[in-house]
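Student: Here is what each chain is made of, one letter per residue.
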Amino acid sequence: MLELRGIIDAIWSFIVGLLAGLGIPQWAIELVGYALIAVVMFGVVAVIVLFLVWWERKVSAKMQDRLGPMRVGWHGIIQTIADAIKLLQKEDITPKAIDFPIHFWAPVVTFVAAFMVYVTVPFGKGLIVSDLSVGVLYIIAITTFTVIGLLMAGWGSNNKYSLLGGFRSAAQVVSYEVPLSLALLGVIMISQTLSLGTIVTQQDNLLKWYVWRQPLGFLIFWIAATAECNRTPFDLPEADSELVAGFVTEYSGMKFAMFFLAEFVNMFTASVVAVTLFFGGWMSPFGPDFGPSWMWFLGKTMFFVFVLMWFRWTYPRLRVDQLMGFAWKVLLPLAFLNILLTGLGIYLFDGLK
Amino acid sequence: MTEISLTNLTFYILSFCIIAGGIFTVSSRNLFHSAVFLVFTLFSVAGMFVMLNAYLLAAIQVLIYVGAVAMLMIFGVMLTTRLADVRLRHVNEQSWPALAICGFFLAFLVYGLWDTPFTVSGVPMPADTAHALGTLLMTKYVLPFEVVSLLLLAALVGAVVIAKKD
Amino acid sequence: MDQVPIGLNHYLMLSGVLFTVGIFGVLTRRNAIAVLMSTELMFNAANIALVAFSRFVTPAALTGQIVAMFTIIVAAAEATVALAIVLLIYRSFKGINVDRINFMKW
Amino acid sequence: MSEFAAVAVFLLVGTGIVLFTFLLAKIIRPSAPNPVKLETYECGETPYGTAELQYNVRFYIYALLFVIFDVEAIFLFPWALVYRSLGLFAFVEMVIFITILVFGLFYAWRKGVLKWF
Amino acid sequence: MLQNAWIIPALPLAATVLIIFGTHRNRAVSSGISIAAIVSGFIYAVAILFNVLHDHGPHEFYFKWLDFGSWHLQIGLLIDPLTAVMLLVVTIVSSCVQIYSLGYMHGDPRFSRYFAYISLFSFSMLGLVLSNNFAMIFIFWELVGLTSYLLIGFWFEKKSASDAGKKAFITTRAGDLGFIVGILITLYACGTLNFGEVFTKIETGVFAGGLLTAAGIFLFCGAVGKSAQFPLHVWLPDAMEGPTPVSALIHAATMVAAGVYLVARILTIYIASESAGMVVAVIGITTSFMAASIGLVQNDIKRVLAYSTVSQLGYMIMALGLGAYTAGTFHLMTHAFFKALLFLAAGSVIHAVHTNDMQEMGGLGKKMKITALTMFIASFSIAGIFPLSGFWSKDEIVASTSGHPIFMVLTLMVAFMTAFYMFRLCFLTFTGGPRDQHKFDHAHESPKTMTVPLMVLAFLAIFAGWVGIPWLSHGFSSFVYHGEPHHAAFHFDIAGISLFVGLSGIGLAYLMYYKGTISPDKVAARFRPLYTLLYNKYYFDEIYDAIFVQPLYAICDFWFWFDQHIIDGLVNGAATLTLWWSIAKNWFDVYIIDGAVNGAGYTIRGTGSILRFAQTGRLQNYALIIFAGVILIWFLR
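Chains as they are written, first to last, in the numbering used here: chain S, 1 to 353; chain H, 1 to 166; chain Y, 1 to 106; chain W, 1 to 117; chain C, 1 to 637.
Just so you know, the hints here were simulated from the structure itself, not pulled from any lab data. On a predicted model such as this, the values are computed, not experimentally measured, just so you know. Among these hints, one or two may not hold up.
Heads up, simulated BS3-like pairs for lysine-lysine below, C-alpha to C-alpha not over 30 Å straight-line [stated by the list, open to error]:
(1) S/LYS96 to S/LYS86
(2) C/LYS515 to C/LYS366
(3) S/LYS58 to S/LYS90
(4) S/LYS86 to S/LYS62
(5) C/LYS515 to C/LYS367
(6) C/LYS439 to C/LYS515
(7) H/LYS164 to Y/LYS94
(8) S/LYS90 to W/LYS26
(9) C/LYS366 to C/LYS522
(10) S/LYS329 to W/LYS111
(11) C/LYS369 to C/LYS439
(12) Y/LYS94 to W/LYS115
(13) C/LYS439 to C/LYS367
(14) C/LYS439 to C/LYS522
(15) C/LYS448 to C/LYS367
(16) C/LYS439 to C/LYS366
(17) Y/LYS94 to S/LYS96
(18) Y/LYS94 to W/LYS111
(19) W/LYS115 to S/LYS329
(20) C/LYS201 to C/LYS64
(21) C/LYS159 to C/LYS439
(22) W/LYS26 to S/LYS86
(23) W/LYS111 to H/LYS164
(24) H/LYS164 to S/LYS329
(25) S/LYS96 to W/LYS26
(26) C/LYS515 to C/LYS369
(27) W/LYS115 to H/LYS164
(28) S/LYS86 to S/LYS58
Modelling step: build the complete structure from the supplied sequences, incorporating the hints.
Tutor: Listed below in structure tokens is the structure:
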């Protein structure tokens with residue numbers, strides 16, 4: 001019962017019946033279906049982000065031995081909602097000298113790029129919008145859009161700091177994207193498939209999780225992923241001490257909120273991908289049917305999000321040259337090494353089909 | 001309205017996006033705008049690949065063109081264009097003749113393409129092309145595969161030598 | 001909405017138009033990078049045509065897609081080197097206005 | 001083709017919702033532009049000169065390297081997909097492919113291009 | 001002895017050469033050489049005379065000079081009684097004149113040059129007399145003409161002298177033209193120039209008819225020119241500009257006699273062709289009558305003598321023309337002596353009073369006894385008074401005109417006029433009161449060197465005639481004859497008439513100028529038109545001037561104008577034409593050729609510059625062009 005899939009199907013069949021009555025053609029219904037799913041997904045994402053914001057503040061407070069937001073609700077639970085509403089009605093100051101269209105569309109691109117990943121993410125058993133056959137590649141492709149968003153934000157706001165910030169963050173994201181994609185290769189070599197659903201189904205129990213066979217791959221992936229989200233050790237661009245707020249200096253109001261939202265979504269996505277590819281996604285350690293699949297999925301991802309938050313208050317911020325050097329001089333060679341090792345490993349142990 | 005009309009609709013929408021994007025890329029005054037329109041056009045081309053069931057190629061298109069090449073273009077624009085320059089006249093003086101000639105070219109192209117009888121075979125596309133591409137690449141097109149690595153090396157070294165400021 | 005299913009000619013028309021737009025961009029833009037962008041457009045037009053051929057003419061053998069893949073890669077390599085050259089020109093001429101770079105003459 | 005319908009719809013719905021929120025914000029928020037506020041933000045300083053970046057090629061180098069290795073990654077994906085079914089021969093090819101490009105990386109490294117200072 | 005006769009002319013030639021190239025600075029030496037040469041020539045001539053006296057026959061010595069293929073030019077000597085006489089006359093007169101010149105030319109700066117010319121003249125005259133063919137005679141003929149020109153124009157600083165020289169030279173040359181035509185005709189007719197051969201041809205009738213007449217007339221032209229006959233006589237009066245001894249030698253005795261000698265030498269022609277002879281005679285008588293009439297009114301003493309010479313020559317020519325060979329040659333000899341004497345006497349008078357005009361003289365007889373006496377003797381001789389030589393020679397001439405009544409009347413009238421003007425001259429100069437006291441006081445008798453030749457010539461003027469006395473057995477007529485020797489028949493009636501005419505002339509002159517009963521002015525007034533006509537020499541000079549000189553000038557002017565305008569015009573025109581042509585060519589060259597060349601260059605440059613625009617250097621332009629090309633090809637496919 002806990003599998004949400006059944007509930008969703010029931011709801012869906014009701015809706016279909018309703019629309020059919022209205023005489024809307026079949027294909028239109030399908031589209032409406034997808035639209036509904038998209039809206040629902042947006043809602044889920046929004047809720048998760050709100051929770052994450054709150055959780056992050058609580059965790060960071062806990063780590064700094066303080067209480068964090070307590071006043072708004074029980075333990076400040078509705079603090080983020082208050083923030084959201086605040087941002088909604090804050091004045092959006094757009095400077096005169098900016099290149100308005102670029103400035104306006106940058107947050108949209110960034111958020112949409114982050115949001116579109118969840119089309120092919122398997123939240124649970126059957127809980128996948130559409131299991132693309134080129135899933136992994138799709139995810140990597142979509143994440144490159146964030147770079148475009150960054151650059152647009154940087155250039156659009158016509159501000160030296162934002163321009164420089166845009167450049168640096170773009171360079172950083174770009175540098176870490178290569179090891180990220182190479183790390184995933186190991187998994188693909190073993191799973192021989194790009195679709196996330198099948199990868200998860202292949203990891204049906206604890207022992208078959210790919211992390212054991214791809215420890216180096218996972219390590220590289222995880223480090224690259226944190227860099228992708230501009231999280232702590234690699235959060236140089238929008239570090240307060242450095243370039244004001246990096247490429248978001250000129251943004252305020254809802255556009256700023258959108259960037260903020262996109263950042264947390266990226267954080268969540270990173271952990272989702274880590275979980276799906278290396279830790280069996282919605283698979284419980286004991287088999288496919290052991291408890292609600294999405295519960296497992298959310299647990300694992302929340303754990304990895306916690307790890308990200310954990311990184312934030314443990315590691316010192318890297319210098320720019322260390323940051324970049326690390327990507328090219330350490331991660332990339334390791335990634336290649338990983339590929340070779342997995343290649344040999346597959347050849348030696350599993351034998352080739 | 002059948003399934004086909006849906007695909008027709010999407011095709012026309014996508015082609016409209018591609019053409020409009022192309023025209024804007026070429027004709028927009030602000031260089032950065034044209035870069036962004038380029039990204040939009042490439043994305044729509046990727047969509048077109050999806051229409052043609054070439055999913056892997058679509059992903060590759062998005063990954064390389066949008067992620068790398070377009071990003072490179074934007075980098076180039078940002079590095080070389082002073083903000084003030086962006087407003088300069090962006091079209092040189094031979095735009096009108098060029099327009100005319102391109103018009104003629106298009107007319108001939110269309111005329112040429114329209115009446116050449118391509119042999120269209122009815123065999124449906126295989127669903128998953130990724131694996132097929134992979135095997136094909138590794139077996140039949142090995143040489144180009146290795147040559148591409150050399151090409152990339154050459155491009156890398158060349159670009160580094162040219163761009164490195166010493 | 002005409003009921004004719006999307007055939008090969010549609011794609012070829014599309015690629016033709018895109019190609020022409022690309023050529024127009026190459027011929028008229030004053031900025032080197034704009035010219036490079038237009039060439040990218042031309043590459044894509046070619047890819048569409050290739051993939052269309054592979055989809056309609058030889059669905060079994062994916063040669064079209066392979067060639068498209070290779071063109072994409074070559075285009076990428078070409079873009080990097082071209083941009084390196086453009087940056088070099090920018091460094092020496094403080095501007096990449098193609099009109100001023102007119103040394104291809106006797 | 002139908003798989004990507006979801007992608008398309010997601011794209012449209014996503015942008016739709018974001019634009020909707022912007023519209024909502026535009027309606028709700030007050031707007032009181034005054035010259036000072038509208039100046040580009042210079043930590044309170046009066047902004048001088050255009051936001052022109054003094055030319056340094058390091059950013060471009062990274063982009064360039066990214067393009068080359070991204071293309072390499074692209075080649076690796078199909079190979080990875082069919083690695084198991086192809087056997088040792090494909091593996092040797094890939095080793096050659098990777099060594100050539102690693103040599104490229106090594107060259108870039110030795111040339112001091114990767115140093116950021 | 002005879003074949004060495006060429007020594008006679010050689011001696012004066014040697015003298016000339018010696019004087020010119022050697023001793024022209026030393027006056028005495030040069031004059032001495034010249035006189036010695038001529039006197040030795042005289043002695044040799046006398047020897048020849050005696051030689052020829054006893055052997056009349058013509059002696060001919062000649063050798064080939066130039067060989068012209070079929071014909072050869074020969075040079076040689078012909079000695080016969082006529083030659084002997086002429087040699088004698090020339091050498092005697094030349095010696096007397098040269099001795100006389102010592103005194104007359106005493107103060108002249110070009111003293112030795114004068115003697116050189118005189119010797120050269122003697123050489124040419126002697127050569128002429130000795131020559132045996134037409135060519136040789138013509139050569140010496142020209143030499144005589146040359147020397148006469150040199151001597152007439154001796155004082156060339158005087159314009160009148162140089163003009164007279166030129167006039168003489170040109171008029172004689174006109175005559176020589178006819179002479180040479182005549183020679184050519186004879187050459188053409190008889191193929192040889194030798195006298196003997198020509199005369200045999202004439203006698204044999206080979207050379208006869210119109211051709212002979214023509215030859216005769218043309219040859220006679222030479223004589224007309226040289227002996228100052230009717231048409232060509234104008235030069236002789238002007239020739240008086242030369243020194244008086246020259247006039248005496250050349251214009252009295254020798255040169256003018258050359259013409260007569262020539263006619264005598266070739267008389268066979270005129271005997272053979274009656275018409276030619278008649279022409280000669282007519283010319284002769286007209287000349288003598290016309291000259292005598294002019295002589296009546298002349299005031300210049302030398303001009304009177306000149307006209308008398310012309311008239312006497314006319315006598316001789318008329319006689320020869322009528323066939324009287326002995327009469328003509330005999331009068332030639334006697335006339336030479338008394339005419340030379342007259343000239344030399346006039347010379348001493350002029351030397352004394354330094355003027356030629358008789359009106360300024362008068363009463364000189366008292367001052368110059370010898371000159372006056374010799375002058376009177378010569379005048380009586382020329383007038384033809386009984387015992388003197390003039391009487392015998394003139395009588396023969398009048399006798400020769402017996403067959404022709406007109407000629408006889410005219411001859412007698414001329415004799416009357418000759419006597420009249422001779423004594424008019426004598427009375428005006430020597431008798432009566434001195435008209436110019438100043439000159440009269442300075443007048444003095446000439447020195448011995450001048451008076452001795454006068455006396456010698458006076459002696460000859462008296463006794464030379466006696467040679468021709470008819471009754472003498474070996475008289476002149478038997479010595480110098482043409483055809484058969486014949487004795488001159490003396491005609492008392494003719495002699496008487498001529499004597500009476502002479503005396504009447506003398507009487508008239510006596511009345512007009514000595515007694516003054518008839519005043520010459522009144523006579524002149526009555527016959528004013530006749531007087532002015534005669535005084536102006538029948539206006540011959542003016543006529544000739546009008547006929548020849550002015551037309552010549554006119555022609556010259558015309559030709560000058562012609563040359564100036566037409567020829568120069570043509571030349572200049574040609575020059576300008578070529579100038580224009582060159583300009584046109586230059587223009588053509590500059591604009592067309594260069595134009596074309598430069599044009600080509602410019603067009604190439606032009607098209608080059610046009611094409612240059614295609615080279616914009618911008619890739620996009622090239623791409624556009626290429627692309628357009630593709631479409632074009634596609635379109636044209």
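Student: For each hint, tell me whether it holds in the structure or not.
Tutor: Status of each hint after checking the structure:
Taken as a hint, the S/LYS96 and S/LYS86 pair is honoured in the structure, with Cα atoms around 24 Å apart against an allowance of 30 Å. This hinted pair checks out: C/LYS515 and C/LYS366 have alpha carbons roughly 18 Å apart, not beyond 30 Å. The suggested pairing of S/LYS58 with S/LYS90 holds, with an alpha-carbon distance near 24 Å, which does not exceed 30 Å. Of the supplied pair hints, the one linking S/LYS86 and S/LYS62 holds, its CA atoms being roughly 25 Å apart against a limit of 30 Å.
At roughly 21 Å between alpha-carbon atoms, C/LYS515 and C/LYS367 fall within 30 Å of each other, so this suggested pair holds. Note on C/LYS439 and C/LYS515: the hinted pairing holds, with a Cα-Cα distance of about 23 Å set against a maximum of 30 Å. Of the supplied pair hints, the one linking H/LYS164 and Y/LYS94 holds, its CA atoms being roughly 17 Å apart against a limit of 30 Å. Distance check on the hinted pair: S/LYS90 and W/LYS26 sit about 9 Å apart at the alpha-carbon level, within 30 Å; holds.
With a C-alpha separation of about 28 Å, the suggested pairing of C/LYS366 with C/LYS522 holds against the 30 Å cut-off. Restraint check: the Cα-Cα separation between S/LYS329 and W/LYS111 comes to about 13 Å, which is no more than 30 Å; the hinted pair holds. A C-alpha spacing of about 17 Å is found between C/LYS369 and C/LYS439, which places the hinted pair at or below 30 Å, so the restraint holds. Between the alpha carbons of Y/LYS94 and W/LYS115 the distance comes to roughly 25 Å, so the proposed pair stays at or under 30 Å and holds.
Under the criterion of a C-alpha separation no larger than 30 Å, the hint pairing C/LYS439 with C/LYS367 is consistent with the structure, at around 11 Å. A C-alpha spacing of about 27 Å is found between C/LYS439 and C/LYS522, which places the hinted pair at or below 30 Å, so the restraint holds. Between C/LYS448 and C/LYS367 the alpha-carbon distance is near 15 Å, which keeps this suggested pair within the 30 Å criterion. With a CA separation close to 13 Å, the supplied pair C/LYS439 and C/LYS366 stays within the 30 Å bound.
Between the alpha carbons of Y/LYS94 and S/LYS96 the distance comes to roughly 27 Å, so the proposed pair stays at or under 30 Å and holds. Proximity of Y/LYS94 to W/LYS111 is assessed by CA-CA distance (about 26 Å); at most 30 Å being required, the pair is judged to hold. Restraint check: the Cα-Cα separation between W/LYS115 and S/LYS329 comes to about 10 Å, which is no more than 30 Å; the hinted pair holds. In summary, the hint linking C/LYS201 to C/LYS64 is supported, as the alpha carbons are separated by about 21 Å, within the 30 Å threshold.
Restraint check for C/LYS159 and C/LYS439: the C-alpha separation of about 25 Å stays at or below 30 Å, so the hint holds. For a cut-off of 30 Å, the pair hint linking W/LYS26 to S/LYS86 stands: about 13 Å separates their Cα positions. The suggested pairing of W/LYS111 with H/LYS164 holds, with an alpha-carbon distance near 9 Å, which does not exceed 30 Å. Between the alpha carbons of H/LYS164 and S/LYS329 the distance comes to roughly 18 Å, so the proposed pair stays at or under 30 Å and holds.
A threshold of 30 Å between alpha carbons decides the hint, and for S/LYS96 with W/LYS26 the separation of about 17 Å falls inside it, so the pair holds. This hinted pair checks out: C/LYS515 and C/LYS369 have alpha carbons roughly 21 Å apart, not beyond 30 Å. Restraint check for W/LYS115 and H/LYS164: the C-alpha separation of about 12 Å stays at or below 30 Å, so the hint holds. Our distance criterion of 30 Å between C-alpha atoms is met by S/LYS86 and S/LYS58, whose separation comes to about 20 Å.
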